[in-house]
Amino acid sequence: MDRLKGKVAVITGGGRGIGQGIALRFGQEGAKVVVVDIIGENAEETAQRIRKVHGEAVGLRGDVSKRSDVESLVTEALAVFGRIDILVNNAGIGGSKTCLDTSEEEWDRMLAINLKSVFLCCKRVIPEMMKIGKGKIVNIASLYGIAGSVHTAAYCSSKAGIINFTRQLAVDYSPHHIYVNAISPGLIGTEMTRGKLKDPETLNYLLRFIPLGRHGIPADIAGAALFLASEDSDFVTGHNLVVDGGESVRLE
Amino acid sequence: MVTGGVRGIGKATALKLAQFGALVVIADRNFKEAEKTAHSIVRGGDRAKAYRMDVSKKKEVDFVFKRLQKEFGRLDILVNNADIVSFTPFEKISEKEWDTIFRINLKGTFLCSKAAFRLMKLQRSGKIVNISSIDSRLGGMVSPGFYNPYAHYAASKAAIEALTKSIAFEGAPYGIRVNAVSPGLIDTEMPERTYTLERKKNLLAAIPLGRLGKPTEIASAVLFLVSERASYITAKILDVNGGVLMD
Numbered sequence: 230m231d232r233l234k235g236k237v238a239v240i241t242g243g244g245r246g247i248g249q250g251i252a253l254r255f256g257q258e259g260a261k262v263v264v265v266d267i268i269g270e271n272a273e274e275t276a277q278r279i280r281k282v283h284g285e286a287v288g289l290r291g292d293v294s295k296r297s298d299v300e301s302l303v304t305e306a307l308a309v310f311g312r313i314d315i316l317v318n319n320a321g322i323g324g325s326k327t328c329l330d331t332s333e334e335e336w337d338r339m340l341a342i343n344l345k346s347v348f349l350c351c352k353r354v355i356p357e358m359m360k361i362g363k364g365k366i367v368n369i370a371s372l373y374g375i376a377g378s379v380h381t382a383a384y385c386s387s388k389a390g391i392i393n394f395t396r397q398l399a400v401d402y403s404p405h406h407i408y409v410n411a412i413s414p415g416l417i418g419t420e421m422t423r424g425k426l427k428d429p430e431t432l433n434y435l436l437r438f439i440p441l442g443r444h445g446i447p448a449d450i451a452g453a454a455l456f457l458a459s460e461d462s463d464f465v466t467g468h469n470l471v472v473d474g475g476e477s478v479r480l481e
Numbered sequence: 348m349v350t351g352g353v354r355g356i357g358k359a360t361a362l363k364l365a366q367f368g369a370l371v372v373i374a375d376r377n378f379k380e381a382e383k384t385a386h387s388i389v390r391g392g393d394r395a396k397a398y399r400m401d402v403s404k405k406k407e408v409d410f411v412f413k414r415l416q417k418e419f420g421r422l423d424i425l426v427n428n429a430d431i432v433s434f435t436p437f438e439k440i441s442e443k444e445w446d447t448i449f450r451i452n453l454k455g456t457f458l459c460s461k462a463a464f465r466l467m468k469l470q471r472s473g474k475i476v477n478i479s480s481i482d483s484r485l486g487g488m489v490s491p492g493f494y495n496p497y498a499h500y501a502a503s504k505a506a507i508e509a510l511t512k513s514i515a516f517e518g519a520p521y522g523i524r525v526n527a528v529s530p531g532l533i534d535t536e537m538p539e540r541t542y543t544l545e546r547k548k549n550l551l552a553a554i555p556l557g558r559l560g561k562p563t564e565i566a567s568a569v570l571f572l573v574s575e576r577a578s579y580i581t582a583k584i585l586d587v588n589g590g591v592l593m594d
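These protein sequences, in sequence, are chains X and H. Following this note's numbering, the numbering of the first sequence begins with 230 at its first residue and continues without gaps. Following this note's numbering, the numbering of the second sequence begins with 348 at its first residue and continues without gaps.
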């Protein structure tokens with residue numbers, strides 16, 4: 230408890246799924262949480278849950294793939310809490326298509342929401358962290374950013390982009406004590422994977438590849454994000470922490 | 348249990364685990380030193396116990412784990428930290444020196460993990476953390492100006508990372524999570540691992556964060572891996588190196 234006491238954390242895509250899990254955990258650990266989501270009610274609901282149990286949180290609606298939205302979101306976050314110590318770039322969409330089936334528009338949309346959003350948020354927030362003299366950035370990538378998989382052309386590409394962008398940021402901003410790491414989740418039970426998980430046959434097939442014998446839950450990712458956002462990881466930067474119940478060994 | 352918990356990373360890990368409520372067994376070849384660490388933990392109001400154990404001797408390891416089972420009834424966490432290092436160019440490494448490094452670093456990890464496995468399987472839960480090294484993948488070459496000639500050491504640590512994954516697979520059905528922490532350049536104040544000022548200066552240029560790591564920072568990573576925060580992490584190598592190697 231209280232591992233993030235007094236820190237201000239911005240979590241994109243915090244209205245549900247993994248982002249919500251991270252927001253709730255950060256709230257429990259004493260952070261002041263800015264929950265950002267493209268669905269305003271979801272952002273507000275997560276913020277409300279944090280306020281009910283513990284402390285301070287605000288829910289904001291915004292599309293992080295748009296520069297103007299990022300600008301107003303960060304301005305508002307600063308107006309409410311005065312600073313930003315932690316940024317979790319979690320917002321993203323899934324997609325299940327081969328290269329040949331992916332239209333140019335679909336490719337652009339995937340890369341904008343999953344990768345460009347990370348660029349835009351970092352570009353706007355890093356100067357704020359430089360003012361404080363320290364910062365922690367956690368980018369949510371994916372196991373599919375390390376390995377190829379069936380029917381996930383644009384998704385795999387966007388997530389691989391996140392992983393190497395993470396390393397690049399770590400190199401450039403280490404002198405400013407800004408730590409940048411990625412988390413690559415394996416199979417996590419969320420809205421995005423609900424389709425796969427509700428069919429017992431598919432689920433059983435997928436679980437055969439996961440040594441721990443279960444799919445993950447948002448709280449599993451939240452624990453890892455907490456480590457990377459806290460002082461416990463002050464000598465860790467540029468790392469891609471894979472959280473997958475052991476699955477990735479098969480893919481590496 | 349923390350093996351080799353009397354100095355540097357091992358000692359910092361023992362202190363950290365105790366600070367967070369664990370009853371820590373410090374197992375080391377040097378019983379007097381193990382007792383010293385245990386005493387300092389107890390004096391601080393936490394719980395610790397010292398055992399004499401040479402991790403490379405099966406008889407000693409088996410004896411100690413039996414004693415531990417009798418005394419405490421269970422083992423929740425094993426940190427395989429005990430290791431040795433020597434600096435010798437590859438061509439000058441004798442068969443004896445090679446065998447000694449592998450006996451302590453690799454066989455020690457194997458023997459202790461195997462003994463711990465027996466208890467953890469009964470409990471259907473447990474966490475093992477192996478201390479690897481950045482040189483498992485760098486082979487001693489941190490930067491052009493900084494090369495550690497220790498092929499045997501680097502190879503033993505690479506083997507530990509492979510062993511980590513194999514044990515993780517076999518442990519998973521029993522709720523046993525197995526991971527490694529791979530430290531970069533850490534300021535341990537251990538005589539054989541101390542860097543001269545000039546070497547330090549060379550080194551710092553190769554580390555993006557611009558400083559050596561602290562033993563407590565490795566301890567924090569171990570604590571993370573054995574805690575609920577890492578509930579879905581197994582068969583992984585956690586790099587703690589200030590950005591020298593980004594994997």
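Everything labelled a hint here was simulated from the structure, so no lab data went into it. Just so you know, not all the hints are guaranteed correct.
[Unchecked claim] Subject to a maximum C-alpha distance of 20 Å in a straight line, what follows is the list of computed DMTMM-like cross-link-like pairs (lysine to aspartate or glutamate):
(1) H:K547 - H:E575
(2) X:K345 - X:D292
(3) X:K345 - X:E335
(4) X:K360 - X:E460
(5) H:K561 - X:D463
(6) H:K561 - X:E335
Status of the hints after comparison with the structure:
For the suggested pair K547 of chain H and E575 of chain H, the alpha carbons sit about 36 Å apart, so the restraint of at most 20 Å is broken. For the given pair, K345 of chain X sits about 11 Å from D292 of chain X by alpha-carbon distance, which is consistent with the 20 Å threshold. At most 20 Å may separate the alpha-carbon atoms for a hinted pair to count; K345 of chain X and E335 of chain X meet this at roughly 14 Å. Between K360 of chain X and E460 of chain X the CA atoms are separated by roughly 18 Å; this keeps the pair inside 20 Å, and the hint holds.
With a C-alpha separation of about 10 Å, the suggested pair K561 of chain H and D463 of chain X falls inside the 20 Å cut-off, and the hint holds. Annotation: proposed proximity of K561 of chain H to E335 of chain X is violated, straight-line Cα distance about 47 Å (limit 20 Å).
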